[in-house]
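*Asks:* Sequence:
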Amino acid sequence: MKRETWVLVVILIVAALLRLVNLGQGDPLGDESILAFRAVGLLDFDAAARQTTPLEWFDPDAPWWTRLSWHDHPPLHFWLQHVSLAMLGDTRAGFRFPSALLGIGSVWLMYLIASRLFDRRAGLIAAALLAITVSHVFISRVGLQEGPLIFFMLLAVYGFLRGMEHHRFFLLAGATLGAALLTKYTAAVLLPLFFVCLLLRDRRAFASSSLWFGIVILAVVLSPAIIYNVMLYRTVGHFDFQLSYVLGQHPQAWQSAPGKEEIGTLPDRMRNFFPALAKGNSPLFLAAFAAGIALSLRRLLGKKGSPADVFVMLAIAFFVSWLFVIGPTRRFVTLLTPFFALAAIPLLSALYERFSKRFAVSGMAVLAAVELLYSINTQLLPYPVGAKYLAYADTRFETYAWGYAALDDALAKRIEGKFPSLRLETTYAFLERLADAGIEQAKQTGAVPSPTLFVYDENLLPGPRLWIMDRRQVYRGWPFMNAATYNTILEEKGADYFSRAGLTEQFFIAPTVNVPLRPKDRQTSFGLELERQLINRGKTPIEVITNPRGEPVFRIYKM
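Quick note: the sequence shown uses my numbering, first residue 1, plus one each step.
One or more of the hints may lead you astray.
[What the hints assert, rightly or not] Label-pair ranges, simulated between beta-carbon atoms:
1. Gly386 with Val230: 46 to 54 Å
2. Gln533 with Glu505: 53 to 61 Å
3. Thr540 with Val236: 35 to 43 Å
4. Thr235 with Gly386: 53 to 61 Å
5. Pro283 with Gly538: 53 to 61 Å
6. Lys413 with Thr235: 23 to 31 Å
[Claimed, not checked] Below are the DSS-like pairs computed for lysine-lysine, each with C-alpha atoms no more than 27 Å apart in a straight line:
7. Lys279 with Lys413
8. Lys539 with Lys413
9. Lys413 with Lys558
10. Lys357 with Lys2
11. Lys539 with Lys558
12. Lys304 with Lys357
13. Lys539 with Lys418
14. Lys493 with Lys539
15. Lys520 with Lys279
16. Lys388 with Lys493
FYI, nobody ran anything at the bench for these hints, they're computed from the structure.
C-beta atoms are modelled at their ideal positions from N, C-alpha and C, and glycine is treated no differently.
Full structure from sequences and hints, please.
*Replies:* Shown next as structure tokens:
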């Protein structure tokens with residue numbers, strides 16, 4: 001192989017190691033848990049009382065179209081995670097694997113795009129930047145939509161750039177932009193970018209049949225979400241959560257708007273933009289792309305800029321403007337990372353040409369090593385070392401190893417090879433069917449019955465609880481109950497009610513001070529009171545679960 005090919009192979013291997021090593025470590029927190037929980041069974045339900053779903057509205061027989069999409073997101077990300085979980089099991093690595101795999105693919109696409117815009121040397125530099133920079137390593141190691149979204153967006157960009165050379169590639173651009181929109185509607189930002197670029201460089205494309213066929217293909221790929229929204233509007237008078245929010249619809253069923261209630265006013269979003277960049281990127285990467293932007297703007301103002309400079313600056317302008325609309329959260333800001341890598345190319349190329357080849361290569365190798373260590377410290381080590389921002393990015397706390405992952409693993413061991421001999425009744429028929437199917441599947445694998453009930457402190461964070469407890473209850477039938485409900489039932493039906501019902505092995509899961517809990521103003525004392533009662537009865541924990549530091553994070557009592 002040519003030396004260039006070998007370099008690209010090495011870059012892709014490094015990208016793979018950064019994205020796949022210890023992929024399952026760290027707690028499943030926040031949206032990652034909510035998305036993964038629903039992906040297990042392609043289930044549009046997450047027990048959110050203030051944001052119910054069509055499956056709940058139409059229970060027990062939801063219409064066929066409710067399976068085409070989700071009430072708050074288009075479906076492709078869920079489909080990808082579902083396939084991965086089916087192959088790798090209900091594990092953290094399982095729901096993160098699509099992001100990691102497509103993150104590696106994004107590095108390869110970065111090479112293709114930069115080679116098309118600049119040259120092959122620039123392609124290798126851009127691929128290397130994306131491979132090791134912490135922002136993209138982070139988004140490739142979490143089960144959020146932005147990792148796959150970046151891949152499909154980059155593939156659409158590549159198809160579009162090729163389409164301006166040979167119009168038949170607009171078919172690829174249409175298909176992959178449709179896939180990007182089917183992952184998350186955020187990809188709509190590419191539509192004005194492509195339109196403006198065609199106006200500036202290739203107006204003849206508007207008369208090309210390939211462009212219009214590409215738009216048709218886009219609509220076909222996006223059709224599950226289109227049909228879902230048409231049928232939803234015909235049935236209940238509004239579109240899905242995202243579209244209804246944009247259009248100013250306020251359905252009674254959706255009384256809260258998580259993620260949108262916190263973004264603030266436009267001035268707030270503009271003020272938060274630069275702090276979000278600083279928290280999610282290394283100082284070195286920020287300096288490189290800022291200097292690259294300055295150089296590109298200087299060339300453009302001096303009328304020495306290239307079409308590549310125009311495209312990159314336009315892309316950054318559109319994406320930054322879009323972030324001012326949707327809010328510059330950590331995960332959203334990662335969408336800028338590929339274009340920041342492209343923006344750094346003029347600077348790095350200029351340095352390469354100005355100095356001797358040996359000096360330039362050595363200098364870039366040192367800078368790459370610094371960025372690589374920064375990413376390893378942030379994302380691969382269980383706990384980063386050094387000062388935050390200077391030695392590691394704030395993104396570490398998206399999957400920080402507080403101890404919920406350790407609880408997940410401990411419960412998996414405790415119920416391995418078993419199925420619940422008795423399950424609790426559920427509110428909806430579709431949940432009954434799922435639990436029954438999970439128990440039947442376990443029986444077919446040779447699992448043995450277990451008369452087990454798990455009680456937990458309701459102050460646990462909602463995201464981890466959904467993945468660790470609710471997933472096992474909904475899809476496998478295991479009885480889980482919070483301490484408040486447990487105490488209420490015992491008061492009403494007697495202290496031995498659950499034992500009489502056949503649940504003779506009852507466990508209580510109590511958190512320690514080393515794990516984060518719900519905000520203080522939303523906490524209750526039922527869990528603490530139950531643990532106090534167990535201690536007064538002479539009970540001691542049968543298992544103390546520790547985090548990677550060896551600190552106790554959960555105590556399990558047998559009641």
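*Asks:* Of the hints given before, which are not true for this structure?
*Replies:* Violated hints: 2, 3, 6, 7 and 16; rest satisfied.
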